[in-house]
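Order-wise, the sequence lines are chains A and B. For the first sequence, my numbering begins at 20 and goes up steadily by one. For the second sequence, my numbering begins at 7 and goes up steadily by one.
Simulated from the structure, these hints should not be mistaken for lab results. There may be inaccurate statements among the hints.
[What the hints assert, rightly or not] In silico DSS-like links for lysine-lysine, alpha-carbon gap of 30 angstroms or less: (1) A/K29 to B/K145; (2) A/K126 to A/K318; (3) A/K126 to A/K139; (4) A/K316 to A/K342; (5) A/K40 to B/K145; (6) A/K29 to A/K51.
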Amino acid sequence: MSLLEVQDLKVHFETDDGVVKAVDGASFSVDKGQTLGIVGESGSGKSVANMTILGLTRSPITSIEGRILLDGRDIIDAGADELHQVRGEDIAMIFQDPLTSLHPFFKIGRQLSEAILVHKDVSKQEATDRAAELLDLVGIPDARRRLGDYPHEFSGGMRQRVMIAMALINDPRVLIADEPTTALDVTIQAQILRLIQRLQEQLGMAVILITHDLGVVADVADYINVMYAGRIVEAGTLDEIFYDPQHPYTWGLLGSLARPDRPRTRRLSQIQGQPPSLLAPPQGCHFRPRCPHEFDKCKQTPGLDPRAGVPGHLDRCWLPPEKKRTLRVVQGDQIGLEAPAA
Amino acid sequence: MLRYIVRRVLWGIALLFLVSAVIFLIFYVFPNADPAKLRAGRQANPALIEQIREQLGLSDPIWEQFLRYMTQVFTPFDWFGAAEHGGTGPLNFGRSFQSNTPVKEIILERLPATALLVAGAVVFWLLMGLPTGIISAVKRRTLLDRVTMVTSLAFISAPVFWLGLVALYLFASDVGVIHIFPGIGSYLDAETFWAKCWSLFLPWLVLAAATAAIYARYLRSSMIDVMSEDYIRTARAKGVAERNVIMRHGVRSAITPIVTLLGLDIGLLLAGNAILTESVFNIPGIGNEIVIAIRRSDLPVIQGIVLFGAFFIVTFNLIVDIAYAYLDPRVRYQ
Numbered sequence: 020m021s022l023l024e025v026q027d028l029k030v031h032f033e034t035d036d037g038v039v040k041a042v043d044g045a046s047f048s049v050d051k052g053q054t055l056g057i058v059g060e061s062g063s064g065k066s067v068a069n070m071t072i073l074g075l076t077r078s079p080i081t082s083i084e085g086r087i088l089l090d091g092r093d094i095i096d097a098g099a100d101e102l103h104q105v106r107g108e109d110i111a112m113i114f115q116d117p118l119t120s121l122h123p124f125f126k127i128g129r130q131l132s133e134a135i136l137v138h139k140d141v142s143k144q145e146a147t148d149r150a151a152e153l154l155d156l157v158g159i160p161d162a163r164r165r166l167g168d169y170p171h172e173f174s175g176g177m178r179q180r181v182m183i184a185m186a187l188i189n190d191p192r193v194l195i196a197d198e199p200t201t202a203l204d205v206t207i208q209a210q211i212l213r214l215i216q217r218l219q220e221q222l223g224m225a226v227i228l229i230t231h232d233l234g235v236v237a238d239v240a241d242y243i244n245v246m247y248a249g250r251i252v253e254a255g256t257l258d259e260i261f262y263d264p265q266h267p268y269t270w271g272l273l274g275s276l277a278r279p280d281r282p283r284t285r286r287l288s289q290i291q292g293q294p295p296s297l298l299a300p301p302q303g304c305h306f307r308p309r310c311p312h313e314f315d316k317c318k319q320t321p322g323l324d325p326r327a328g329v330p331g332h333l334d335r336c337w338l339p340p341e342k343k344r345t346l347r348v349v350q351g352d353q354i355g356l357e358a359p360a361a
Numbered sequence: 007m008l009r010y011i012v013r014r015v016l017w018g019i020a021l022l023f024l025v026s027a028v029i030f031l032i033f034y035v036f037p038n039a040d041p042a043k044l045r046a047g048r049q050a051n052p053a054l055i056e057q058i059r060e061q062l063g064l065s066d067p068i069w070e071q072f073l074r075y076m077t078q079v080f081t082p083f084d085w086f087g088a089a090e091h092g093g094t095g096p097l098n099f100g101r102s103f104q105s106n107t108p109v110k111e112i113i114l115e116r117l118p119a120t121a122l123l124v125a126g127a128v129v130f131w132l133l134m135g136l137p138t139g140i141i142s143a144v145k146r147r148t149l150l151d152r153v154t155m156v157t158s159l160a161f162i163s164a165p166v167f168w169l170g171l172v173a174l175y176l177f178a179s180d181v182g183v184i185h186i187f188p189g190i191g192s193y194l195d196a197e198t199f200w201a202k203c204w205s206l207f208l209p210w211l212v213l214a215a216a217t218a219a220i221y222a223r224y225l226r227s228s229m230i231d232v233m234s235e236d237y238i239r240t241a242r243a244k245g246v247a248e249r250n251v252i253m254r255h256g257v258r259s260a261i262t263p264i265v266t267l268l269g270l271d272i273g274l275l276l277a278g279n280a281i282l283t284e285s286v287f288n289i290p291g292i293g294n295e296i297v298i299a300i301r302r303s304d305l306p307v308i309q310g311i312v313l314f315g316a317f318f319i320v321t322f323n324l325i326v327d328i329a330y331a332y333l334d335p336r337v338r339y340q
């Protein structure tokens with residue numbers, strides 16, 4: 020039994036225009052000390068799926084199905100009290116934009132200690148001490164003095180560190196990081212990723228790292244799930260995804276990755292077209308309209324099935340394995356998504 | 007922070023000077039009616055008019071009149087012949103053409119009624135408007151929200167004088183269908199402070215209704231915006247109970263722009279904008295006085311009230327600016 024296990028999660032929004040199937044049957048799990056990378060374009064459902072774990076997508080127009088098991092306990096229908104306890108204490112989350120994720124009117128110290136005080140029966144002084152300790156842990160110099168500063172007195176990278184400190188202040192067992200580096204400068208991105216990695220090693224928590232950038236998870240993830248239009252299309256270990264990818268969408272993502280360490284033999288490849296509208300996704304395989312390798316069978320929905328002999332490596336594609344091996348190679352030894360030469 | 011306040015105060019003073027100058031232009035330079043003739047009244051003869059002209063210093067050059075006027079309004083000194091022509095200041099706006107009472111006395115006599123009217127109305131509209139706005143935002147798109155928003159639109163659209171008459175018709179103790187609250191002119195008979203408050207009950211409600219409705223709608227939309235902010239999601243994600251997310255994190259942000267509105271509204275009402283309510287309920291306030299003064303072409307009184315009003319508006323703007331810096335830490339560092 021994994022620490023956190025999401026089973027067949029469906030999150031649908033009933034809008035005026037119709038039902039948006041933001042997440043349509045996603046399953047994934049993560050264990051203590053592991054890092055799961057969830058990769059996909061904007062609108063693939065990766066954020067919605069993870070916000071749903073914390074009940075953050077609940078609303079009168081949302082319908083949520085499936086199971087979210089925390090230590091085997093299903094929290095998908097958790098009541099308000101149980102949910103408030105899970106949030107921040109068992110599972111903590113940090114978000115994409117550190118500039119807007121902190122309350123602009125409250126001092127950092129107050130926002131940090133509030134996170135403790137809602138969960139633990141400690142004095143304000145103890146909460147403040149703990150807040151200073153955490154700021155120090157995430158590498159903010161002169162931590163105690165900075166508790167009295169407002170968010171706008173911190174840079175973007177520093178604010179993301181504050182967010183991380185706030186998330187970790189109650190020793191959560193799971194940290195969900197939703198595009199934690201997307202809004203930051205490239206130089207700061209690496210710092211923040213390394214910080215998350217170091218803290219995970221120190222504290223032994225499970226981490227779910229959500230990103231649209233395969234390059235971000237390449238360094239830190241143990242497992243990777245690739246999401247596309249509300250579904251997981253491929254799941255496997257880091258090596259499996261990078262060196263033996265099975266789904267054409269994953270090929271496309273890998274092909275569009277800038278690789279400064281390799282000679283530039285050609286232009287970066289791109290995936291043609293746009294992700295489908297989740298109001299009316301294509302019948303069958305959702306990636307079908309953008310896939311140059313589409314054939315008749317793709318009009319039926321492929322299951323997320325394990326590859327023969329590799330039970331942990333799953334993908335959602337009808338192409339036979341031997342055909343994939345030839346189709347995914349473009350120019351030399353690189354993997355990419357291109358129409359086969361006629 | 008201190009620098010910010012000092013800068014704001016200096017701005018306020020400069021603004022007040024500018025407003026005074028404009029008012030001087032409007033009342034002394036532009037009118038084609040001769041102030042001396044107005045002052046002389048019906049039985050005017052050339053000699054009397056000439057005497058008044060001399061007394062008010064109206065034949066002096068414009069710049070000298072202007073400096074004398076500014077001296078009388080802002081300083082206690084006898085510069086530019088202030089003592090000789092109308093007496094020294096500060097706050098000397100001259101005497102009423104009609105009753106020969108100093109304008110300052112007239113204003114100070116009228117101010118308490120207006121101040122009490124406005125103070126009570128502010129309390130009422132905040133008590134009605136703010137909770138309504140918050141609840142409507144939180145219960146957005148429910149029946150409750152729709153009903154309150156339609157009701158508020160009705161109150162915003164209803165003219166104050168009509169609302170006042172309806173309120174009197176329904177609730178006044180003399181002419182009302184149900185005899186509950188004191189009616190027209192009851193303020194004039196009220197002796198004690200509490201009696202005055204009681205007599206102002208209907209006027210408070212009437213004056214507060216439209217503003218409460220505006221505040222409710224404003225706070226609702228500002229609250230809806232705030233509740234979709236990222237930092238609200240952060241508060242939820244760290245386990246803060248929804249009630250506190252709304253009250254501590256949400257309202258704290260949404261209320262800030264309301265402070266701006268509040269300052270301006272109080273300033274405007276004290277400056278005479280409660281005129282309709284005062285007329286309907288016959289409350290002897292600033293607004294009522296300016297109507298009388300205008301009807302009688304009593305220039306010094308009109309001018310005094312306008313300048314006083316400008317003073318209130320500038321002052322409350324200043325208070326708003328300072329309050330804003332206190333409420334929003336980002337402002338302090340700009």
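How the hints compare with the structure:
1. A/K29 to B/K145: Distance ~26 angstroms between A/K29 and B/K145 Cα, so the pair holds.
2. A/K126 to A/K318: violated (55 angstroms)
3. A/K126 to A/K139: holds (20 angstroms)
4. A/K316 to A/K342: holds (15 angstroms)
5. A/K40 to B/K145: Within the cut-off at roughly 25 angstroms; holds.
6. A/K29 to A/K51: The given pair, whose Cα atoms are some 25 angstroms apart, holds under the 30 angstroms limit.
Checked against the numbered hints above, the structure violates only hint 2.
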